[in-house]
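Sequence lines, in order, name chains P and G.
Be aware that the first sequence starts at 1, since it is given in my numbering, and climbs by one per residue.
Be aware that the second sequence starts at 1, since it is given in my numbering, and climbs by one per residue.
Any given hint could be a false lead.
As the list claims (entries may be wrong) - Straight-line distance between alpha carbons at most 30 angstroms, and here's what the computed BS3-like set of lysine-lysine pairs gives: (1) P:K64 / G:K193; (2) P:K10 / G:K130; (3) G:K66 / P:K19; (4) G:K64 / P:K53; (5) P:K63 / G:K66; (6) P:K40 / G:K64; (7) G:K130 / G:K175; (8) G:K172 / G:K108; (9) G:K193 / P:K63; (10) P:K63 / G:K77.
Source of the hints: derived by calculation from the structure; they are not laboratory data.
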Amino acid sequence: MKISVTVTLKKDVLDPQGKVVKQTLKNLGYENIEDVRQGKFFEIELNENDQVKAKKIIEEISKKLLTNTVIEDYSINYK
Amino acid sequence: MKSSVIVFPGSNCDRDVAVALEKFQIKNQMVWHNETILPKCDLVVLPGGFSYGDYLRTGCIASKSKIINSIIEHVKKGGLVLGICNGFQILIETGLLPGVLLRNKKLKFLSKNVFLKVINTDNRFCSNYKNKDIIKLPIAHNEGNFFADDSLIKKLEDRNLIAFKYCDSQGKVEKISNPNGSSNNIAGILNDKKNILGMMPHPERLIDPILSGEDGSILFTSLLKS
Numbered sequence: 001m002k003i004s005v006t007v008t009l010k011k012d013v014l015d016p017q018g019k020v021v022k023q024t025l026k027n028l029g030y031e032n033i034e035d036v037r038q039g040k041f042f043e044i045e046l047n048e049n050d051q052v053k054a055k056k057i058i059e060e061i062s063k064k065l066l067t068n069t070v071i072e073d074y075s076i077n078y079k
Numbered sequence: 001m002k003s004s005v006i007v008f009p010g011s012n013c014d015r016d017v018a019v020a021l022e023k024f025q026i027k028n029q030m031v032w033h034n035e036t037i038l039p040k041c042d043l044v045v046l047p048g049g050f051s052y053g054d055y056l057r058t059g060c061i062a063s064k065s066k067i068i069n070s071i072i073e074h075v076k077k078g079g080l081v082l083g084i085c086n087g088f089q090i091l092i093e094t095g096l097l098p099g100v101l102l103r104n105k106k107l108k109f110l111s112k113n114v115f116l117k118v119i120n121t122d123n124r125f126c127s128n129y130k131n132k133d134i135i136k137l138p139i140a141h142n143e144g145n146f147f148a149d150d151s152l153i154k155k156l157e158d159r160n161l162i163a164f165k166y167c168d169s170q171g172k173v174e175k176i177s178n179p180n181g182s183s184n185n186i187a188g189i190l191n192d193k194k195n196i197l198g199m200m201p202h203p204e205r206l207i208d209p210i211l212s213g214e215d216g217s218i219l220f221t222s223l224l225k226s
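Chain P extracted, bound-state conformation (with noise of 0.2 angstroms):
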C-alpha cells in the first residue's frame, strides 16, 4: 500500500521559506499569490493490506518521527 505523508509548519510558526518563495513568485509577476507554506512530502509503501493497521501505523510514525509535533502539522494521504 502507498501512503503519503505532508508535514508543514504550524499556522502560528513563522516560515522564513515560504515567505522568501512567495516574494521571489512577486518578484516575478505573480502579483496575486497570498501565502506560500513550505513543507516534506515523504511517500511511504507499507507491506500491510489491513486498512485499519495501516492507519495506525502511520499515525504512529508521523508523531514519532517524521514530524516535531510542537511547530509541525501532518497530513495523510491513503491512495
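Dock chain G against the given chain P, drawing on the hints supplied.
Chain G only, in chain P's frame:
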C-alpha cells in the same frame, strides 16, 4: 570525574570537547551512538556538529539512536548531560529539554563570537561564572532560534531555568544583541532538576589563551567542583 562523549555520524566537535574535558582532568571516553550501554560516568556530552547531515530535522535522527535510552536512564539517576549546539538540538528532539530550535531568523548560518550573560549560576555547569557573568563565546549554527510558547517561556523565567542569554558587551539583554531571533534572547537552558544543560554557544572552543580566550574553561572548572 568521568565523562562520555557520544559520537554520531556527522559529529564534528566531539574531539574538541574531548580535548577540553581532558585538559581539566576529566577522564573521558568516546562512545559510538550504536552502543546500548553507557560506560559508568558522571557526565554525558552530546557534541556539536551535523549528525546525520541534519536530515529530517536537526538532531532528529540522532535522538532515535540506540544509546539514547541509556542516556535517559543516566538522567533519571541524576547524572549530568551537556548538549552543545547540535547536542542541544538532539536533547530537544529527545524531549529531555523543552521547546524547539527553529532556523535562524535571517536564514543565515551564523559563525561568530557573541556576548552572553550567565543568568543562572546555581547549577553544576555554571557555578564558577559567579565572578564573571558576562562572557564571550563562539556560535556556529543554522538552527539556533529557540522558540517556545508564552507559558513555557514564563516557566523557564520563573523557575530560573535559563542558563545563558545573548547580550551586548555591557551585559544588556536587548533585541539588537540577539543573533538568531530566539525567544527572550535565550542561548541555553536547563531542565527542572538542573542536571541537563543545552546551549548553542561552544565553550569547548575557548579553553586556552592561544584560542583567543578562556571563557569556556570556566564551565569545565565548574563541573569539577563537588
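- Query: So which of the earlier hints does this model not fit?
  - Reply: 2, 3
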